[in-house]
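Participant: Line by line, the protein sequences are chains A and B. Counted from 1, the first sequence has number 200 at position 200 by this note's numbering; the numbering is strictly sequential. Counted from 1, the second sequence has number 192 at position 192 by this note's numbering; the numbering is strictly sequential.
No lab work stands behind these hints, which were simulated from the structure alone. Virtual Cβ for every residue (Gly too), placed ideally from N, Cα, C. Certain hints may be false.
[Claimed, not checked] Part of the chain A face toward chain B, derived, beta carbon under 10 angstroms: (1) K355; (2) L455; (3) D457; (4) A463; (5) Q464; (6) L466; (7) W470.
[Stated by the list, open to error] Here are the simulated DSS-like cross-link-like pairs (lysine-lysine), alpha carbons at most 27 angstroms apart as the crow flies: (8) B:K104 - A:K469; (9) A:K476 - B:K247; (10) A:K476 - B:K119; (11) A:K469 - B:K61; (12) B:K20 - A:K383; (13) A:K381 - A:K8; (14) A:K295 - A:K188; (15) B:K280 - B:K365; (16) B:K262 - A:K8; (17) A:K381 - B:K101; (18) A:K8 - A:K476; (19) B:K308 - B:K336; (20) A:K476 - B:K113; (21) B:K247 - B:K364; (22) A:K469 - B:K111; (23) B:K247 - B:K262; (24) B:K113 - B:K101; (25) B:K280 - B:K295; (26) A:K8 - B:K101; (27) A:K469 - B:K304; (28) B:K184 - B:K119; (29) B:K184 - B:K111; (30) B:K107 - A:K469; (31) B:K120 - B:K184; (32) A:K476 - B:K104; (33) B:K61 - A:K8; (34) B:K107 - A:K476; (35) A:K476 - B:K262; (36) B:K364 - A:K469.
So you can see what is in the structure, the chains are spelled out below.
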Amino acid sequence: MLNAERRKTILLLIPVFLILGGYVLYPALRTALESIHKNGVFSLQNYSDFFGAKAKANFEALWNSVWISLASVFFSACIGLPLAYIFNRYDFPGRKFFAGIAIMPIVLPSLVGVMAFMFLYGEAGLIPNAIKDIFNLKNVPFSIGGISGILLVHAYTMYPYFYMTSSSALGNIDPSLEEAASNLGASKFKVFWKVTFPLLTPGLVAAALLVFMVSMASFSAPFLLAGGFRVLSLQIYFSKINGDLEMAATQSVILSMVSISFLLFMRWYQSRKDYRMASKGIGAHRSEVNNPLLKWVMVSIGILAMIVLLLPHATLLILSLVPDGAWTWQTYPQSFNFENFILLFEDPYIWEPVKNSLIMAFLACIGVFIFGIFTSYALVKRKFFGKNLLDILVMIPWALPATVVGMNMILAFNTPSPFSFGKVLVGTFWILPLAYFVRFLPLVVRSTNAVLEQLDDSIEEAAQNLGAKWFYTFRKVVLPIIMPGVLSGTLLAFVQAVGEFPTSVLLYTIGNRPISIEIMNQLRMFNIGQAAAYGMIQVGLIAIVMFISSKFLGVKAEKSLG
Amino acid sequence: MSIVHLETITKRFGDVTAVKELDLLIKEGEFFTFLGPSGCGKTTTLRMIAGFYYPTEGIVKFNERNMTTVSPENRNTGMVFQNYALFPHMTVFENVAFGLKVRKLSKEIIKEKVEDVLKKVRLEQYIDRQVSQLSGGQQQRVALARAIVIEPDILLLDEPLSNLDARLRDEMRTEILRLQQEYKITTIYVTHDQVEALTMSDRIAVFSHGVCQQVGTPTEIYNEPINDFVAEFIGETNLLSIDYVSKTPDLHSYQLCELDCKVEVKNDGANIAAYDQTDKLSMSIRPEAVIVSEKSLEGLNVFKGIVKIVQFTGAAVHTYVELNETVLIESTNLNKGPATYLNVGNEVYVQFPAEQIRVIPEMKKI
Numbered sequence: 001m002l003n004a005e006r007r008k009t010i011l012l013l014i015p016v017f018l019i020l021g022g023y024v025l026y027p028a029l030r031t032a033l034e035s036i037h038k039n040g041v042f043s044l045q046n047y048s049d050f051f052g053a054k055a056k057a058n059f060e061a062l063w064n065s066v067w068i069s070l071a072s073v074f075f076s077a078c079i080g081l082p083l084a085y086i087f088n089r090y091d092f093p094g095r096k097f098f099a100g101i102a103i104m105p106i107v108l109p110s111l112v113g114v115m116a117f118m119f120l121y122g123e124a125g126l127i128p129n130a131i132k133d134i135f136n137l138k139n140v141p142f143s144i145g146g147i148s149g150i151l152l153v154h155a156y157t158m159y160p161y162f163y164m165t166s167s168s169a170l171g172n173i174d175p176s177l178e179e180a181a182s183n184l185g186a187s188k189f190k191v192f193w194k195v196t197f198p199l200l201t202p203g204l205v206a207a208a209l210l211v212f213m214v215s216m217a218s219f220s221a222p223f224l225l226a227g228g229f230r231v232l233s234l235q236i237y238f239s240k241i242n243g244d245l246e247m248a249a250t251q252s253v254i255l256s257m258v259s260i261s262f263l264l265f266m267r268w269y270q271s272r273k274d275y276r277m278a279s280k281g282i283g284a285h286r287s288e289v290n291n292p293l294l295k296w297v298m299v300s301i302g303i304l305a306m307i308v309l310l311l312p313h314a315t316l317l318i319l320s321l322v323p324d325g326a327w328t329w330q331t332y333p334q335s336f337n338f339e340n341f342i343l344l345f346e347d348p349y350i351w352e353p354v355k356n357s358l359i360m361a362f363l364a365c366i367g368v369f370i371f372g373i374f375t376s377y378a379l380v381k382r383k384f385f386g387k388n389l390l391d392i393l394v395m396i397p398w399a400l401p402a403t404v405v406g407m408n409m410i411l412a413f414n415t416p417s418p419f420s421f422g423k424v425l426v427g428t429f430w431i432l433p434l435a436y437f438v439r440f441l442p443l444v445v446r447s448t449n450a451v452l453e454q455l456d457d458s459i460e461e462a463a464q465n466l467g468a469k470w471f472y473t474f475r476k477v478v479l480p481i482i483m484p485g486v487l488s489g490t491l492l493a494f495v496q497a498v499g500e501f502p503t504s505v506l507l508y509t510i511g512n513r514p515i516s517i518e519i520m521n522q523l524r525m526f527n528i529g530q531a532a533a534y535g536m537i538q539v540g541l542i543a544i545v546m547f548i549s550s551k552f553l554g555v556k557a558e559k560s561l562g
Numbered sequence: 001m002s003i004v005h006l007e008t009i010t011k012r013f014g015d016v017t018a019v020k021e022l023d024l025l026i027k028e029g030e031f032f033t034f035l036g037p038s039g040c041g042k043t044t045t046l047r048m049i050a051g052f053y054y055p056t057e058g059i060v061k062f063n064e065r066n067m068t069t070v071s072p073e074n075r076n077t078g079m080v081f082q083n084y085a086l087f088p089h090m091t092v093f094e095n096v097a098f099g100l101k102v103r104k105l106s107k108e109i110i111k112e113k114v115e116d117v118l119k120k121v122r123l124e125q126y127i128d129r130q131v132s133q134l135s136g137g138q139q140q141r142v143a144l145a146r147a148i149v150i151e152p153d154i155l156l157l158d159e160p161l162s163n164l165d166a167r168l169r170d171e172m173r174t175e176i177l178r179l180q181q182e183y184k185i186t187t188i189y190v191t192h193d194q195v196e197a198l199t200m201s202d203r204i205a206v207f208s209h210g211v212c213q214q215v216g217t218p219t220e221i222y223n224e225p226i227n228d229f230v231a232e233f234i235g236e237t238n239l240l241s242i243d244y245v246s247k248t249p250d251l252h253s254y255q256l257c258e259l260d261c262k263v264e265v266k267n268d269g270a271n272i273a274a275y276d277q278t279d280k281l282s283m284s285i286r287p288e289a290v291i292v293s294e295k296s297l298e299g300l301n302v303f304k305g306i307v308k309i310v311q312f313t314g315a316a317v318h319t320y321v322e323l324n325e326t327v328l329i330e331s332t333n334l335n336k337g338p339a340t341y342l343n344v345g346n347e348v349y350v351q352f353p354a355e356q357i358r359v360i361p362e363m364k365k366i
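Construct all of the structure, not just a fragment, from the sequences and the given hints.
Facilitator: As structure tokens, then:
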């Protein structure tokens, strides 16, 4: 029997599946199809080229991507986990402040962050040169570049995943569990290894998988720092630039397979283990550090760590104040003023990329906002056949590296298709907002899912019982309750779209070049100050969004990243 | 106000039958209770009346109107949810006014009605509060007011008191009864708490495993249970398995399986439930009907035993007497002072008065 409920579900699902099919599944299939064609004829030549001896570079790039990612997981864990443990379990002066600083790397968009690192620790970087001058050395004592640079940037930008997941897991552990273990005679060490650590493992594994995926997909760091070092995400870009779309598609397929298998593994792992705390009302318990020596050691380490963490931000700020042409051969910049910022608002040509980015991110976010709400509602509140499929479809753009999303867009929309209303989208303004929409849809769906899952079904039933029709209930009851979660997700998507680099570099045109592309151009012209000023705009936007989220929407900054 | 008529309702979820062939007629203005352990189908039945589930088979009628597949918003029932389901983003006023706004009443009338009902549940001073600022009992009363204010044909209450502490529960029990009597709404109340069911209801339906076992007034259910499940679920009882032996016009005689002696039961409909040849039989006797004495007792059904436990609860004293290794009999007496308490280890006489025993068959398994 097709009752009213079923009809509503189907009406809801038709647009959801149409859009996901058209803009997620179809492009991915086009890429897969392209990869098994050579010069327009069906062939597995591309794959045998990839793994064969002929193009050793490809296999090397895959291998490099994998081990760089494993190393990134290791270093991020080594920083994130101890930091989380110390901040959650010990109380010392300034703890809260330091804990707040610890998540600062997430306000640095990747491209901008890499740029700051280059000018901090690179060959001509401020730190190595400062050390050289202070100690009167002949050469710079160290400088990052290539592998070391990529790893350092990865560790810096990705440790917050470990830090945040372990913090929240530690906060959720019922202190009485550890007390029970102590009470039964376990030593402190034993309590940690036998009780606390096993309870943390689900979160840690999730964080490890996440960092692995993010670093497999990482584009900006290798792009600016790799030198001759090859990684797969970058190879895709080079293949595309060289016009070998078929090889680019093959590389995309292989990189996607790695990422999607990790996504599936993660889903399986999370469904397998569930250590939800049985007890309610968890109170924090922190041991106060009483030993004055230890206390001050901890505080000084905290201050030192804070300086290291904020140096990139500070560098960015300083660079943005250096006017064009004022820093050429000197070791340190000589003069500072607001010229770059003034130009930004006075020179329409310089302002244009900012305007482009804001408009395109805004368009993408309107779509993501509306579509995200309905998709998430269908996923959480409706029962239907094929729900798992929908769930995976929504999560695919999240698992796919940005470069692959970009390639998918190119291959799907460089010919007319029904989903682009019979037009070629590549090379037009609309391809970038569409790419941003696909890329950041999962983010909004996930944040909306989180709030919708909190919403008990009986709330909707109560409204219905009182006589409200479905749409009225949705408008007056469901939407107002979930709005904070949806908005915070959308705002986050907005700032990320403004800073998005990998898909932009594959899809931009002169007419719609966004900020990140302009940063790249300015860097090429050694106009560092202007590039940094663009970066500051992004940092400022992110800071504003985080402030709004935590102040008005009651969403913790840590959570919004999830 | 409405009559609710359920005609051979069956509800299946996949392979699981949640409610099986249920026939019920709930009268106008009646306070009717669905009682049973969790998973017995009582909430499923309530949700079919509210329209959140549609029965797999059978018909739901309000008065003479077939409501089987009418959607919930068109049924005009008022439901109070177990977790209250108050809209967290609205004030008390907005919550209560929700159903009236949906009905497109004018602002003045809404205001008047909301204020009126909040006065009835004694919450008028909290009208502008956010619901999160209210205590559990107050939230409960908002939920009640919200359901009543729309003047529903049927009031549906799904374990409304289970989240409250004992004292508040007593208070809300009287409150709900008072409101129900004032508005004279047909009320269906779901609970697993037999005290709630016995004290509040006009009639009770006892559910087990998706089947309605018995429908009756509280006294019928308590005094004349139709099978061992009902006898055990409502109130305390001593249940012993028996076999039929013989009968006279006045008395039926049964063999007590675990004691290897006979028990005589008065031949009366109130003492002997309907059963057929194949049924396994039990006798049930309530603890307050069991007579325990240190002196030897006259009459039928007297057994010897040893006092094992004496439990003092304030108003009453429970005495547990062991008749043999497998049979422990509970007896309850009102507290008449320390002199009347029995001592553990003493030998005593136990009597099951023939007119207080109820012979019942085992519950039919499905």
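Participant: Each hint needs a verdict: does it hold in this structure or not?
Facilitator: Against the structure, the hints come out as follows:
{"no.": "1", "hint": "K355", "result": "violated (36 angstroms)"}
{"no.": "2", "hint": "L455", "result": "holds (9 angstroms)"}
{"no.": "3", "hint": "D457", "result": "holds (9 angstroms)"}
{"no.": "4", "hint": "A463", "result": "holds (7 angstroms)"}
{"no.": "5", "hint": "Q464", "result": "holds (4 angstroms)"}
{"no.": "6", "hint": "L466", "result": "holds (3 angstroms)"}
{"no.": "7", "hint": "W470", "result": "holds (8 angstroms)"}
{"no.": "8", "hint": "B:K104 - A:K469", "result": "holds (13 angstroms)"}
{"no.": "9", "hint": "A:K476 - B:K247", "result": "violated (69 angstroms)"}
{"no.": "10", "hint": "A:K476 - B:K119", "result": "holds (26 angstroms)"}
{"no.": "11", "hint": "A:K469 - B:K61", "result": "holds (22 angstroms)"}
{"no.": "12", "hint": "B:K20 - A:K383", "result": "holds (24 angstroms)"}
{"no.": "13", "hint": "A:K381 - A:K8", "result": "holds (12 angstroms)"}
{"no.": "14", "hint": "A:K295 - A:K188", "result": "holds (20 angstroms)"}
{"no.": "15", "hint": "B:K280 - B:K365", "result": "holds (12 angstroms)"}
{"no.": "16", "hint": "B:K262 - A:K8", "result": "violated (66 angstroms)"}
{"no.": "17", "hint": "A:K381 - B:K101", "result": "holds (25 angstroms)"}
{"no.": "18", "hint": "A:K8 - A:K476", "result": "holds (18 angstroms)"}
{"no.": "19", "hint": "B:K308 - B:K336", "result": "holds (20 angstroms)"}
{"no.": "20", "hint": "A:K476 - B:K113", "result": "holds (21 angstroms)"}
{"no.": "21", "hint": "B:K247 - B:K364", "result": "holds (25 angstroms)"}
{"no.": "22", "hint": "A:K469 - B:K111", "result": "holds (22 angstroms)"}
{"no.": "23", "hint": "B:K247 - B:K262", "result": "holds (12 angstroms)"}
{"no.": "24", "hint": "B:K113 - B:K101", "result": "holds (11 angstroms)"}
{"no.": "25", "hint": "B:K280 - B:K295", "result": "violated (35 angstroms)"}
{"no.": "26", "hint": "A:K8 - B:K101", "result": "holds (23 angstroms)"}
{"no.": "27", "hint": "A:K469 - B:K304", "result": "violated (68 angstroms)"}
{"no.": "28", "hint": "B:K184 - B:K119", "result": "holds (18 angstroms)"}
{"no.": "29", "hint": "B:K184 - B:K111", "result": "holds (23 angstroms)"}
{"no.": "30", "hint": "B:K107 - A:K469", "result": "holds (20 angstroms)"}
{"no.": "31", "hint": "B:K120 - B:K184", "result": "holds (14 angstroms)"}
{"no.": "32", "hint": "A:K476 - B:K104", "result": "holds (14 angstroms)"}
{"no.": "33", "hint": "B:K61 - A:K8", "result": "holds (25 angstroms)"}
{"no.": "34", "hint": "B:K107 - A:K476", "result": "holds (17 angstroms)"}
{"no.": "35", "hint": "A:K476 - B:K262", "result": "violated (69 angstroms)"}
{"no.": "36", "hint": "B:K364 - A:K469", "result": "violated (42 angstroms)"}
In summary, the numbered hints that this structure violates are 1, 9, 16, 25, 27, 35 and 36.
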